[in-house]
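Take 110 as the starting number for the sequence shown in the working numbering and just add one per residue.
Hints are not guaranteed to be accurate.
As the list claims (entries may be wrong) - Ranges of calculated distance between the beta carbons of each label pair, as one might list FRET restraints:
no., residue 1, residue 2, range
1, 126, 473, 19 to 27 Å
2, 438, 121, 49 to 57 Å
3, 167, 253, 21 to 29 Å
4, 152, 132, 39 to 47 Å
5, 261, 241, 15 to 23 Å
6, 429, 131, 19 to 27 Å
7, 152, 352, 21 to 29 Å
8, 256, 141, 39 to 47 Å
9, 259, 123, 51 to 59 Å
10, 133, 471, 48 to 56 Å
11, 144, 171, 37 to 45 Å
12, 127, 353, 54 to 62 Å
13, 270, 236, 37 to 45 Å
Hints were generated in silico from the structure; no laboratory data involved.
Glycine included, C-beta positions come from ideal geometry on N, C-alpha and C.
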Amino acid sequence: MLKARKTLGFTLVELLVVIAIISTLIALLLPAVQQAREAARRSQCKNNLKQLGLAMHNYHDIHRTFPPGMVYQSGVGTAVADEDSLQEDLNNICTVLPQSWNTLRQAGWSWQAMILPQMELSSAYEKLGVGQRIIKDTLNDSSLNDFWTTRFETFLCPSDPAPTNSPVFNIRKNTNAYMRDDGGANSVYVQITAYVANFGSVGFHPRLTLSDTASCISTGEMGKSDGIFDLNSRVRIRDITDGTSNTILVGERAYGRKIDNSGTLSEGGSFLVGCYQSINTTGYADRRSFAVVAQPGINSGNPRGLHSLHAGGAQVLLADGSVHFLSENIDHDSSGIGSYNPPTSTSRDSVLEYLFSRNDGNAIGEF
Numbered sequence: 110m111l112k113a114r115k116t117l118g119f120t121l122v123e124l125l126v127v128i129a130i131i132s133t134l135i136a137l138l139l140p141a142v143q144q145a146r147e148a149a150r151r152s153q154c155k156n157n158l159k160q161l162g163l164a165m166h167n168y169h170d171i172h173r174t175f176p177p178g179m180v181y182q183s184g185v186g187t188a189v190a191d192e193d194s195l196q197e198d199l200n201n202i203c204t205v206l207p208q209s210w211n212t213l214r215q216a217g218w219s220w221q222a223m224i225l226p227q228m229e230l231s232s233a234y235e236k237l238g239v240g241q242r243i244i245k246d247t248l249n250d251s252s253l254n255d256f257w258t259t260r261f262e263t264f265l266c267p268s269d270p271a272p273t274n275s276p277v278f279n280i281r282k283n284t285n286a287y288m289r290d291d292g293g294a295n296s297v298y299v300q301i302t303a304y305v306a307n308f309g310s311v312g313f314h315p316r317l318t319l320s321d322t323a324s325c326i327s328t329g330e331m332g333k334s335d336g337i338f339d340l341n342s343r344v345r346i347r348d349i350t351d352g353t354s355n356t357i358l359v360g361e362r363a364y365g366r367k368i369d370n371s372g373t374l375s376e377g378g379s380f381l382v383g384c385y386q387s388i389n390t391t392g393y394a395d396r397r398s399f400a401v402v403a404q405p406g407i408n409s410g411n412p413r414g415l416h417s418l419h420a421g422g423a424q425v426l427l428a429d430g431s432v433h434f435l436s437e438n439i440d441h442d443s444s445g446i447g448s449y450n451p452p453t454s455t456s457r458d459s460v461l462e463y464l465f466s467r468n469d470g471n472a473i474g475e476f
């Protein structure tokens, strides 16, 4: 009598059950894997900020001041912000420059260029001629064309998918190297950084009157920010009277983050170069390398505020060299956002404002 042959393999029902089990496991494990990857990226971002902090303090040890937010140079000369070197240009800014905001788009070396030697990037510092050449001369040096596309990962957040070059952020090689947004044959695309320096709580904050910030246009003065970085600024540790552990030095500004309902995007900050006046490109927010200010909210609809691609907040480097994660729920006041005629109150009464001001008299414990 013939025995029945046993069927080998899976039945269709068994195969479907196995597929369902595998799919369920993947669905359960994938978020955990993604969270682990983001935790690693956030940790690397924190390490980048710590390296920037160490470089800043090494710069301060050498030059007795933190680097300027941006160096305006009327000609070839030093770009090191020691006690005396920038005073002549600082005094002449309002007389040398025509009285228009357009002129204040002239590019100059940013704080990031100043600290390249302290970031173990002395070769880049020397190649660019920081301190020896003005931006326009460097941009017109054909031997440096490839340099502007070189990525410096320490200045980029791993969570931020910023491109090597911004298609809408460039410098004109002629007419005094203006920052422009229209591209063209005479333009050089500049790299993007995810880290911008603290300008302060005055100026563009919706709750502070515009009279809090002096400008060439109205007063003939420059550099009245209450942060640590400004045009040709020379802020020392002793000038941070609120304490270095209570004052932001550098914070995050992400590329490509939607910041309002109209679809406007952030585009990070400009790397190595900067300008004093905003470049307003349709669909993109302010991208100056030293103009992060205490606009209410983090990861909110404020083009000049802090925002990142980390969930729940953004990381900041304090003036003491420590790095902290600031929650989106940090104490702040959102009155007047989006208004060109904000409330006239000039008082700083929120934790976020206190952290941006170096000398408001408000020391903060936990935040």
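Verification of the supplied hints:
A hinted range of 19 to 27 Å is violated for the C-beta pair residue 126 and residue 473, which are about 57 Å apart. In this structure the hint that residue 438 and residue 121 lie 49 to 57 Å apart at CB holds, the actual value being about 52 Å. Range check, residue 167 to residue 253: about 26 Å between beta-carbon atoms, so the 21 to 29 Å window is met. The given range of 39 to 47 Å is broken by residue 152 and residue 132, whose C-beta atoms sit roughly 31 Å from each other.
Against the hinted window of 15 to 23 Å, the Cβ-Cβ separation of residue 261 and residue 241 comes to about 20 Å, which satisfies the hint. At roughly 50 Å, the beta carbons of residue 429 and residue 131 sit outside the given window of 19 to 27 Å. Taking the beta carbon of each, residue 152 and residue 352 are about 26 Å apart, inside 21 to 29 Å as hinted. Judged by the Cβ atoms, the range 39 to 47 Å given for residue 256 and residue 141 holds: they are separated by roughly 41 Å.
Here the CB-CB span from residue 259 to residue 123 is close to 56 Å, well matched to the stated 51 to 59 Å. The hint said 48 to 56 Å for the Cβ distance between residue 133 and residue 471, and at roughly 52 Å that hint holds. At about 41 Å, the beta-carbon gap between residue 144 and residue 171 stays in the expected band of 37 to 45 Å. Taking the beta carbon of each, residue 127 and residue 353 are about 59 Å apart, inside 54 to 62 Å as hinted.
Look at residue 270 against residue 236: about 27 Å separates their beta carbons, and that is not inside 37 to 45 Å.
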